[in-house]
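K.L.:
Protein chains in written order, with the working numbering: chain A, 1 to 385; chain B, 1 to 304.
Possibly wrong hints are sitting among the right ones.
[Said to hold, decoys possible] For lysine-lysine, the following DSS-like pairs were computed, each having C-alpha atoms within a straight-line distance of at most 27 Å:
1) K220(B) <-> K207(A)
2) K116(A) <-> K220(B)
3) K105(B) <-> K207(A)
4) K220(B) <-> K325(A)
[To be verified] If you anchor each label on the Cβ, the simulated ranges turn out as follows:
5) Y76(A) <-> D128(B): 44 to 50 Å
6) E188(B) <-> W15(A): 52 to 58 Å
7) N215(A) <-> E237(B): 55 to 61 Å
8) S64(B) <-> F6(A): 33 to 39 Å
9) L318(A) <-> E237(B): 55 to 61 Å
10) D71(B) <-> G68(A): 55 to 61 Å
11) N215(A) <-> I130(B): 43 to 49 Å
It is worth saying that the hints were derived from the structure and are not from the lab.
Source: prediction; values computed, not measured.
Glycine included, every Cβ here is placed at the ideal spot set by N, Cα and C.
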Amino acid sequence: MSFGDFLLKNLQQFWELTGFANAEIGNFVMLAVGLFFIWLAIKKNFEPMLLVPIGFGILIGNVPFNTGAGLEIGIYEEGSVLNILYNGVSAGWYPPLIFLGIGAMTDFSALIANPKLMLIGAAAQFGIFGAYMVALAIGFAPDQAGAIAIIGGADGPTAIFLSSKLAPNLMGAIAVSAYSYMALVPVIQPPLMRLFTTKKERLIRMKPARAVSQNEKIIFPIVGMLLTCFVVPSGLPLLGMLFFGNLLRECGVTNRLAKTASNALTDIVTILLGMTVGASTQASQFLTPQTIFIFFLGFMAFIIASSSGVLFVKLFNLILPKDQKINPLIGNAGVSAVPMSARISNNLGLEYDPSNYLLMHAMGPNVAGVIGSAVAAGVLLGFLA
Amino acid sequence: MKRKLFLTAIIVVAAASTAFAQGRKSLRLNEVMVQNESSIVDDYGERHGWIELFNSNFAPLEISSVYLTNDPQQPKKYPVPLGDVNTRIAKRQHVVFFADGQPDKGTFHTNFVLEPGKDNWVGVYDADGITLIDEVFIPASLAADNSYARSVDGAGEWVVRDGGVAYITPSSANVIRDTNNKIEEFAERDANGFGMTVMAMCIVFCALLVLCLCFYGIGKIGASVSRLNKMRAHGVEKHEVAKGDIAHDSGEEIAAIVMALHDHLDAHDTENTILTINKVKRAYSPWSSKIYGLREVPGVNHRR
């Protein structure tokens, strides 16, 4: 073999390793999806903290390479760096860490001051089970239907946690769908809220919430964890961490831990979670008819969840005393999507009455929605795992 | 002093109970064959009676130093040797010991044999040689090449298996499943998902309703304690005032108190969610908008 042949042979081998030689049309479609997510995040400010990592993760996951070369770089290749990072998703330990952070940064005062708002958070979970029925009708198996339906809980970590247990092969599509619709909450919810409420109902003024003592705030995570986890032990990883984070925040003696959980830890896990979920959406796994169905079902779930929250408040108002009526505009906040959906309640309320601030009231069902969706995930896990 | 002793006692009891909980109670005798004529062979190509153990836990279990025995009077008859990696049983998995009376052949060869045609008893004792983890009485009527097994791994009745329809399963599950029964059952009996919806929504509502009721109660107790404290601060006896006479301080009063504390003592309310003069610094984070959502007075939306 001449030196020229030797160079040519090696260059040819190198060419076979490049992305250009291994590219398929699916890779380019997914790269376009990734770029679209990044554009949405940067230009439209749609959930940028999540869509930038997910969008860039999609780019990482869809750079074509020769899978037969044994480079150990793909996210599904055991032992690769991406695979090690992906373990937090596939084994389901990133979501509980995110919940720890959420707990450490969430103020449950609105809920403690007006506990009946918890029921709105429960009612909105109907979105999950409505979507479950639709998914079964389309032809998904019960475990897959459960994993897809949890998108209706509007809670990304919960969706990832449940899908990693019930339908790992659908997790990428479920996670992307869940975060996409969470970003689109300001588009999806207001028309539904207007549709199901009258002008008179939108003007209802709610009594200001009472002040909540620090003791109550400390008792809440302890009692909350014990009660909900005794009912649904399968929700322990999520609920346990959520309430633990909240106790760190409220007990007043672990400020350093609460700060770390709510800032540095959450930031790190958010980066890793978003990036690896994005990278898991490889064209071969993602570009399937199932993905279209999952996006459709996610949309259905959001519509059902938002509507059922609003309609439940209207129903609830029938039995509440006149001075304790609830403005149905806070019903949409029963889906988690913290705090986006509560802000929507507030903004819509202000549209009809510029001095009617609903934000604090809406935060009640909003955080109840986080608890409710974690309980619902535990129920699905208990029944179907 | 008494209080310290009491606390120490609680910690000791808690630690002891934790240690007990972490014991090897999940180890189960799962299947036994007394007379092996055509079943599995050992590493030496020989057939002997065998004892299958099952880790019923969902975590790996290390069984070295537990005792296997066929004599209740000698609980420490065969100690499972230390230092063998194979004595770590993976979650929900099995391990087989050959009862050949030849422990020099390796870890999984006991120093006793099971006797065909006689009643046999097999027990597993924990490392203390006192705590009986599991036991089984094998009837003398058990025929050659039949096994005596639990109907379900780690649980259920002991039944005779003849290798026909009731298959013999050394080192594998006593019930071989090719599908998830739960999912099959849901697919068959609840095809439209209505049952799941009703059950799950009831559970979600119950969980949050219980929490709701609990916090109504806690709120009431808190309010009444705070009222009592306030009465005490005002030097008023309970019987002297009708309910509602002790009104809440107005926002203006609270603001004045906080201003005074801040000006004169450079102190502020510890409950930073209620009222504070000090500027609350918040580090930027992707989730911090949640805090802002809770704490900031929202701006008026001018889009009409």
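K.L.:
Now tell me if each hint is right for this structure.
P.N.:
Going down the list of hints, with the structure as the test:
1. K220(B) <-> K207(A): Satisfied, since the Cα-Cα distance of roughly 17 Å is no more than 27 Å.
2. K116(A) <-> K220(B): holds (14 Å)
3. K105(B) <-> K207(A): The given pair, whose Cα atoms are some 80 Å apart, is violated under the 27 Å limit.
4. K220(B) <-> K325(A): holds (20 Å)
5. Y76(A) <-> D128(B): 44 to 50 Å: holds (46 Å)
6. E188(B) <-> W15(A): 52 to 58 Å: At roughly 54 Å between Cβ atoms, W15(A) and E188(B) fall inside 52 to 58 Å, so the hint holds.
7. N215(A) <-> E237(B): 55 to 61 Å: Cβ of N215(A) to Cβ of E237(B): about 24 Å, so the range 55 to 61 Å is violated.
8. S64(B) <-> F6(A): 33 to 39 Å: violated (57 Å)
9. L318(A) <-> E237(B): 55 to 61 Å: violated (43 Å)
10. D71(B) <-> G68(A): 55 to 61 Å: holds (59 Å)
11. N215(A) <-> I130(B): 43 to 49 Å: holds (47 Å)
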